[in-house]
Amino acid sequence: MMTIAVRLLAREMRLSFRHGADSLAVLLFFVLAASLFPLGIGPAPALLGKIAPGAIWIAALLAALLPLDRLFGADYEDGSLDQLLLQGLPPGLLGLIKAASHWLFAGLPLVIVAMPVALMLNLPTAALVPLELGLVLGSMTLSLLGTTGAALVIGARRGGVLLPLIVLPLATPVLIFGTAAAGAAETGVAEKPALLLLGAFLCLAVILCPLAAGAAAKAAAE
Amino acid sequence: MLEILSVAAIRGDHLLFEDLSFAVASGEAIALTGRNGAGKTTLLRMIAGLVPLASGRVLWAGEDAMADLNAYHARLAYLGHQDAVKPGLTVTENLSTWAAGRRAEREAGIEAALEQVDLLDLADIPARMLSAGQKRRLAIARLCLRPAALWLLDEPVTGLDTASVLLFGDMIARHRAQGGIVIAATHQDLPMPGGRSVRLS
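Sequences listed follow chains B and D, in order.
The first sequence begins at 1 in the UniProt record's numbering and counts up by one.
The second sequence begins at 1 in the UniProt record's numbering and counts up by one.
Excised from the complex, chain B in its bound form (with noise of 0.2 Å):
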């Protein structure tokens, strides 16, 4: 069974490298996005350094929903979503894949590039491994949340505007502890409880979500 997964799993990181360019395009998007805060609220640093944590996260949160629309979709259009579900592997695993193939292209290089903007909008650097380290726990819990809205969207018509609805609401948790943990330098609170509670979020979600993800992807399929 671990053979087949890991199978899978080359297949999904063998196609994403292919489509190095939706990888890119999730980092830029990021930039962007981040970059439109001093844009649009003023290049004061200390204002900047204040509303940081919370312009990183939003950004990020928005960015890594851009590749989850093809996440099941493209395998469901060409029909390779019925060859996933025929390799004798649990449904679960295979949301658990998809879930690992879209941290690995999308959470990882967003949790790499959030470094420099970061410093672009002045956070402080005391702040900056709370930042990280929620940023790490976070963009996880988002990836399994993001793959169960993506299997839950399989077929649909105008899927790709549905998923944001479905996922947004979902991931406010991990957006508050995120900024709360990356803020706590600012507002002086302790950053571990927000981090812990991060932590708490991605065990459920690790557990629940690729068995809902793999669920939704086998009635996609009937």
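There's no promise every hint is true.
Stated by the list, open to error - One side of the interface only, derived from the structure: several residues of chain D facing chain B at Cβ under 8 Å:
hint, residue
1, Ala48
2, His73
3, Gln82
4, Asp83
5, Val85
6, Glu93
Claimed, not checked - Simulated DEER-style distance windows between Cβ atoms:
hint, chain 1, residue 1, chain 2, residue 2, range
7, D, Pro126, B, Ile176, 41 to 47 Å
8, D, Ala104, B, Leu128, 45 to 51 Å
9, D, His81, B, Leu204, 35 to 41 Å
10, D, Phe22, B, Ala25, 48 to 54 Å
11, D, Asp19, B, Met1, 32 to 38 Å
12, B, Leu208, D, Leu59, 30 to 36 Å
13, D, Arg35, B, Met1, 39 to 45 Å
14, B, Gly40, D, Ala104, 55 to 61 Å
15, B, Leu32, D, Arg174, 55 to 61 Å
16, B, Arg14, D, Ala173, 31 to 37 Å
Claimed, not checked - Computed footprint of chain D on chain B, listed as stretches where at least three residues anywhere in the stretch have a Cβ under 8 Å from a Cβ of chain D:
hint, segment
17, 7 to 16
18, 84 to 98
Everything labelled a hint here was simulated from the structure, so no lab data went into it.
Predicted model only: the values in this text are computed from it and were never measured.
Think of the CB as a built atom: it goes at the ideal place given N, C-alpha and C, for glycine as much as any other residue.
With chain B held as given, fit chain D onto it using these hints.
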């Protein structure tokens, strides 16, 4: 040995067929026929375990096939009416996802599969350069990658030229000689000598 026991299919609130029963022994081939919308694809997907049975049972070797889906899926190969070919990957890469076994075995298996459908010369070109018929042959090659006893084929020869249909006939004959079962939904005549026909109405 595959047994279909009084299976019914419902699409929406429309009954496609009911009380359909037939048995297929190893080495046998079945052609599913019937007008458009008679439920051929639905029946194939039901036998594959992709669509839940509305009623009835599917038995594999005397046991309920849907009781252990993962084990059952390891025994079957499904060729849908879509090719499941990724245009961005090469011909070989398209198959390597689905090939079982260790690396060397997989490579040998892929080469043998491409040989069977006469695509070996095109092994390293991106699949987006293939014609519709060549893509279909690539999808057919997937059938030989795993030692699956049960082949479920949905309009397998759509878009194939005469020579390729004959090649495919050879593949089916070899599969049946090894005790494999073929169930094919089709409108065209398939090269399956001695095959039975089940008509959905």
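Quiz item: Which of the stated hints cannot be reconciled with the structure, identified by number in ascending sequence?
Solution: none
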